[in-house]
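Trainee: Sequence:
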Amino acid sequence: MKQLNLILVIGLSLFFIYSESEASRKPNVVFIIADDLNDSINGFGGHPQAHTPNLDRLAKMGVRFTNAHCNAPMCAPSRPSLLSGIYPHRSGMVDGRRPFRSFPILEKAILFPEYMINCGYQAYSGGKLFHGIDKDNTVFGASSANEMDGGYIGPIANFGPYPWDGKTLQYKRPSRNILNPHYPWFGEKSWTYGHGRLSKLPKGSTSWVYCDSGFKGIDGKNGGVFKYNNTSDRSLMPDEIISDWGCKLLKGISTFSYNKDLKKISTEPMDDRPFFLGLGFIKSHFALYSPDEFFDAVLNANQISEEEIILPWSKSGQVAFGDLDDIPIDLRETYSAARNRYKVIQEAGTYHSGGITNLLRGITLSYLAAVNEVDTQVGKILDALEESNKLEDTIIIFTSDHGYNHGDKESFFKNLLWEKSTRVPLIIVNPYSEFNDSRGKECVWPVSLIDIYPTIVDLCGLKKVTGLDGFSLRKLISEPESDDWEGPKVALTAIKGQHSNKYSVRSKDFRYSLGDKGGEELYDHKKDPWEWYNLAKKDEYESIKAKLRNELLSLIER
1 MKQLNLILVI GLSLFFIYSE SEASRKPNVV FIIADDLNDS INGFGGHPQA HTPNLDRLAK
61 MGVRFTNAHC NAPMCAPSRP SLLSGIYPHR SGMVDGRRPF RSFPILEKAI LFPEYMINCG
121 YQAYSGGKLF HGIDKDNTVF GASSANEMDG GYIGPIANFG PYPWDGKTLQ YKRPSRNILN
181 PHYPWFGEKS WTYGHGRLSK LPKGSTSWVY CDSGFKGIDG KNGGVFKYNN TSDRSLMPDE
241 IISDWGCKLL KGISTFSYNK DLKKISTEPM DDRPFFLGLG FIKSHFALYS PDEFFDAVLN
301 ANQISEEEII LPWSKSGQVA FGDLDDIPID LRETYSAARN RYKVIQEAGT YHSGGITNLL
361 RGITLSYLAA VNEVDTQVGK ILDALEESNK LEDTIIIFTS DHGYNHGDKE SFFKNLLWEK
421 STRVPLIIVN PYSEFNDSRG KECVWPVSLI DIYPTIVDLC GLKKVTGLDG FSLRKLISEP
481 ESDDWEGPKV ALTAIKGQHS NKYSVRSKDF RYSLGDKGGE ELYDHKKDPW EWYNLAKKDE
541 YESIKAKLRN ELLSLIER
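Quick note: the sequence shown, position 105, residue 105 per this note's numbering, numbers continuous.
One or more hints might be untrue.
Heads up, simulated BS3-like pairs for lysine-lysine below, C-alpha to C-alpha not over 25 Å straight-line [stated by the list, open to error]:
(1) K189 x K172
(2) K172 x K26
(3) K475 x K489
Read the hints as simulated data drawn from the structure, not as lab findings.
Given the sequences, and given the hints that come with them, work out the whole structure.
Mentor: Structure below.
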């Protein structure tokens, strides 16, 4: 008996020593955000042919939030909201017409990387964390908001490569609007719809360029031309440059990036302090040109040909089906930009072999290839964390700024109040033993990007920040199936309407949207996940609609 007691005492002592050592650590944070990425990754119920093995790996390490939503479905308002922890409708920034620091609430808001620096962290930024034309790089040590001369700022995000005819310039840079001769029917701003394998571009007629960087090239090589001979003889994609920089940083290898004038800026090496590393990958944003290996990975994983890519949102096999007829005019007009883009796709389909269905299959495959390209970069970062022995002390968060409609709801864009535009992937990994029982689990509670800031503060053991609109997800990370969370029962999304803001809330089972003239939409996601049938005028749903309307109003009026 004495021996048993001794074993218990020793065991408890070791437990408390281990727990205290865990509690005394200030964890690192790796925050990865993709651009325009909807739920087309494994485990999120989006496109069934998505191939994302590294995000699968990440999800098994933590918790999948499969009902997470952006608070504004465009990058310009979504990213400042996420970084500041302030709702777009409360700050007033619900579109991208003004810089975020010009809004009084956001002018001096302390962004969460900035707050971490104030709490003793090193903080690094690579790629697209801010909206591309609306930055505040002073947070990461730059001399001014749009400079990249701080030692904590990595490579720029870049939408390229683009096809180029070798002569046409725009803003003294290679023009984005040169038609890819493989896809010649889109007319002006062809880059908006550009997609396909890099290898499909005919040799000799057009080259590829890192368009946004001018002639010098973001990799500092090849005079700004993106070299592509084959999969093993090509320039690095922009996201590959960003992930390579992040991997070297994590491994303690000296690295650098270029500022906007293509001057080399050495990256400050990591020291013994905890770090924040923010990485913004861009390839899931149009234009969707990718190297062949990412297309082939998707096709090989599914054992299909390009002609077997499915359009899961089509109804009874039809691509266009009058799905907007039951939507009130004040909400329908909100979707005009996305509808107009869809009309361009429809017109292009009349020139395309196989019609609009085959054209949309090609775009969908290009999107899945781009998602696989992002997934590959995530895998490289996970490997670097493991090789540098940082994985066991690092919180990892993966998400997107908003989703995207690819023809569903007869729309082709973002800035919509429907599921494909508001819903984002969200995976959170906390390495400590408190969360061991929840690893690999799914949380279906409606949460949103506004909750990331308070979650990071809570998980890192930092002093609570006042004035934030979101709530810490710690409880749900520990107990994903719990209904006991202090946050709201719905996730709120806002967009700029013609007369005022328009709003949508997503509960566990329903979506409710309210237009600026009182128009309403209501969808039952258990029965109708693609939101085909607007139930707002059905008497039997009146009580559900009223409850959701009250929850929406309580969030925007508080």
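Trainee: Indicate, hint by hint, whether the structure satisfies it.
Mentor: Going through the hints against the structure:
1. In summary, the hint linking K189 to K172 is supported, as the alpha carbons are separated by about 17 Å, within the 25 Å threshold.
2. Between K172 and K26 the alpha-carbon distance is near 47 Å, which puts this suggested pair outside the 25 Å criterion.
3. In summary, the hint linking K475 to K489 is supported, as the alpha carbons are separated by about 14 Å, within the 25 Å threshold.
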